[in-house]
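Q: The listed protein sequences correspond, in order, to chains A and B. As numbered in our numbering, residues 807 to 974 make up the first sequence, in order. As numbered in our numbering, residues 150 to 562 make up the second sequence, in order.
Quick caveat, the hints were computed from the structure, so don't treat them as lab data. No incorrect hints appear here.
Using 20 Å as the maximum straight-line C-alpha spacing, the simulated DMTMM-like pairs for lysine to aspartate or glutamate come out as follows:
(1) Lys-884/A x Asp-905/A
(2) Lys-391/B x Asp-333/B
(3) Lys-898/A x Glu-515/B
(4) Lys-385/B x Glu-402/B
(5) Lys-547/B x Glu-530/B
(6) Lys-507/B x Asp-895/A
(7) Lys-385/B x Asp-819/A
(8) Lys-507/B x Glu-896/A
(9) Lys-507/B x Glu-826/A
(10) Lys-809/A x Asp-166/B
(11) Lys-211/B x Glu-358/B
(12) Lys-507/B x Glu-812/A
(13) Lys-224/B x Asp-284/B
(14) Lys-884/A x Asp-960/A
(15) Lys-391/B x Asp-334/B
(16) Lys-385/B x Glu-826/A
(17) Lys-547/B x Glu-826/A
(18) Lys-507/B x Asp-899/A
(19) Lys-306/B x Asp-334/B
(20) Lys-385/B x Asp-333/B
(21) Lys-809/A x Asp-899/A
(22) Lys-507/B x Glu-541/B
(23) Lys-547/B x Asp-329/B
(24) Lys-544/B x Glu-347/B
(25) Lys-547/B x Asp-348/B
(26) Lys-809/A x Glu-826/A
(27) Lys-547/B x Glu-495/B
(28) Lys-309/B x Asp-334/B
(29) Lys-279/B x Asp-237/B
(30) Lys-544/B x Glu-326/B
Predicted model, so just to flag it, every value in this text is computed and none were measured.
If you want the building blocks of each chain, they are given just below.
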Amino acid sequence: MIKCQECGSSQYDGALFCNECGGNLWGRRQRQTSILPFAAESVTAVPPSLSPEGAGETARPSSITFVIPSSGRRVVLKDVRQIDIGRMDERKDIEPGLDLTQDEGARHGVSRRHALIRFTARGAILMDLNSTNGTVLNRYRLMPERPYLLRTGDEIQFGRLLAHVFIE
Amino acid sequence: MLIFDVQASRDTIGASDLVQLLYVLVRVSPSQQAGQKGLPLNLSLVVDRSTSMEGERLDTVKRAAALLLDHLGPKDVLSIVAFSDGADVVLPASHVHNKTPVLSRIRGLTADGGTEMYHGLAAGMREVLKATPEDHVNHLILFTDGRTYGDEEACLKLAKRAADHRIGLTGFGIGSEWNDQFLDDLVAPSGGQSAYIEDPAQILHYLQERLNGLGSAFAQNIRLSTDEFPPAVQLKYGLKLKPYAQPLSVSGEGPLNLGAVEGQGPLTYLLELTITPERESRRLHIPFLHRADIPRYQVHDHLFVQGLNLSVASNVPSITPSAELLEAVNVLNLTRMSEAAQTAVEQGDLAVATRRLKQLTSRLQEAGQAGLARQAQLELERVSVMGQLSEEGRKRLKYGTRALFANPYRLRL
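So that you can see chain B by itself, here it is in the shape it has in the complex (with noise of 0.2 Å):
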């Protein structure tokens, strides 16, 4: 049904009493039966319309709206939930069968107020359990352009809640004033996708793909347990690469969420791992054990089994790793060092921000990506003139690091 092939960086760990790295690739593929056809939808939109909104980015959206309301099927569930204080229920779940009337309520919404977002994330939340979730894909597509107050406690335990439920999530932040380490935390449960749209044109490019990701699903709730990993093994850091990049949720108890294999695959995703070999040990087993939900097949939470065998040698052997890896792990490279500038920023210390965005432009450069670079050498002069980064520019060199990982493997090492 799943096909998982995992490769490390090295077969051999020192050794030693001091800390070492691993680095483990994982591709999870559908077997070759895997059609591109999955479960119907059930989908919510669940948009901001607080004031900022209004205009163009509404307009879009509204635009986005009805592009859902083309793309679905008859067998397709959608609600539509609009917030601001409060939240309204534009659409309560259906399926949607005379598009008219949906329209006519969809052009109808007006920008006011503030952004409150548990509101119309629970509202969507409510709407998408009216549907049966076991025989649906069960998402929730979130367009905001704001942060918002006072609830985000509230929002990630609902996002919690909802991964429980296995509904998906997908937070799409519009302009530069929205928070997006809380976008990631949003997504992170169910193992769903946060990203940057600069320009409202984008946003039909987004939900299109989306959607025809989520069409397409295989497998999902896809979810790789860690309570397994022996003591010497702990998780550092976890990226999904493909379908789309997103890190993982590495600190929260819990499998992690890998969400879903779509359409023909892989899902594929990138885990660094710290060790220190117990002494006397000759061999060190590192379970992967996955579980995951096949629909078709009527599969829910199938165990998946792989491990990891390692030597452990007082010589190691120096291996190169895959090309596929390497790119992996350079690519996460840069987003760390981007993300460095930004925390040395934000520390006061712009000497090492400017260091580090000077190694960034040069990394950038020597990977071929002279747009980014370009990005992170006006970062550098705005640091060294202002003393901060421009939200803008913080959010293109996350995103736009990101985004490398979705490309096809092209970074020249």
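Next comes chain A alone, as it looks inside the complex (with noise of 0.2 Å):
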């Protein structure tokens, strides 16, 4: 079976269309974000990873910023409690707060839903949404759907997109 990128529903293998939403699945390959190497660097030392349950209620820090040098962007983010990272997609309801098009973020593997940052009692945690290429923290590639502490300083990956991460 093949599941839909655009509702989740299973076909068939060899459906061209989803015939739940009508979802173009044979262009799937091309539409999905594409599969890039795995890089060398990306195996390091282990960032502390939290429970899920360690997360706990979301707290809101005064502000969020991104640097993106391979664009030079600097993106400021405040009052959120939580920021979806990804590429924006009107027709299928994706908005990222953080939104990573304009970074050429589909050439450097960003999927549409990448990853999230939720700022809990505990600290800013940073978790993998299973996106196609990954998420690397400081140079470690994080198992997907978990939760990692995420500090002032540290240095993300998605896919292969470079971003440095300051809270205050």
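Given two chains presented individually in distinct reference frames, assemble the corresponding complex, making use of the accompanying hints.
A: Listed below in structure tokens is the structure:
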């Protein structure tokens, strides 16, 4: 079976369009984030991870800043409890808080729903959302859908797109 | 005589126990020698004259009958039957040399009584059989605006018998009250056409189009035998795309009747197959055996042999099917989404129905079909407020999406 990328329903192998939502399945590979080979620098020390229960209630920082060296963009977000990171797709109703489209996210292997950052009582956590090309925190490839503590000055790679994070 | 082009959505099937889908698009074209003129016609016009036909509907059908008279040549045979509670043969099967008395009889038709279709169809078939079927294109053209009560089964058996006698059937439903599924089933055995005529003014256009097609039939009674498909392959759905869009009857016994190649053709149809390859097999051969009558060559039941050769492998390479095939499957999917919304409404599952209509609206918009998208949106609002679809809206969506097949391939994928 294959999974429709748009509605998540299971479809027969060989189906060309989703019988639930009409989504295009034949172009699935083209429309998906292209799969990039593993980067050589992606295995180093293990950052501390949190159990999902350990994340607790959300708390709000005063601001979080992303600096993206390849595009030279600097994004400051204030008064947020959670930031979805990925690429905008209006048709699928995906509007990430940190939209990496203009940073050539697609070329760098950023998925539409790539990762999220949530502010908890124990600090900021970063979670990869089972993205195609994964998320690397301080050169460590994260396990998907597990929360990792994020600190100011950390370096995150969404696919191949590098960003520095500063939390206040 | 006939050229067959059989193309599949992929050339490799996964070596897996899981069911997989394969789409096959078949195009049947006449060889270059084909001219425009076919065999003489042997037509029976079967007209519903029940009470509900009173007024513009019956008046327009009368004009359609007059158009038929004008269209026919000296070698063509015509009969006209009117039915309500019973059937009257208005014009027995004959070459019409003097139109005036026939027109006068047609003008004299009045609307009265119920809709018992079987009587009309049976009388029409008797008239068609009076001419020698092998020398003509034999066809019943039915106009009705209602549902037949109690004799559906008899009508369907008669349609099957008509197909066995190589008599085609076209069913035109006028207004919104008629039973579209029944009409689809009625025309299926002969590979004929059913159409929705919302406005009586469209009758003449539809009839003219059908007459042009029938009059230029190059090959007819084209059938695909599915008995030779290997056990791993099951036919799930069939749809004729050209010269007109019509679902094919895949559940019945015997071959799939595809109708005729009209004029320069082509006749195009789409199949959806499920495949469960046998373990250890490396290849899968699916034979496509067609039979057809080609009157100009005095050929009957001629066998045409084609086939598809598929590889079975653990790694299935990604290929992009042809644009024509993708368009066809896309429209097939749209028609099914429309049907699925209707089914959800019938089952009282309004949440599912509204979700499906919303998705259909959005897909139709993407496909550049603004009118149909608006209709889907209207039905969505109606389901949200009233919990049901309108009969007109449902038919507009059904026949509107179906009509997308016959248009040039212009959807945006």
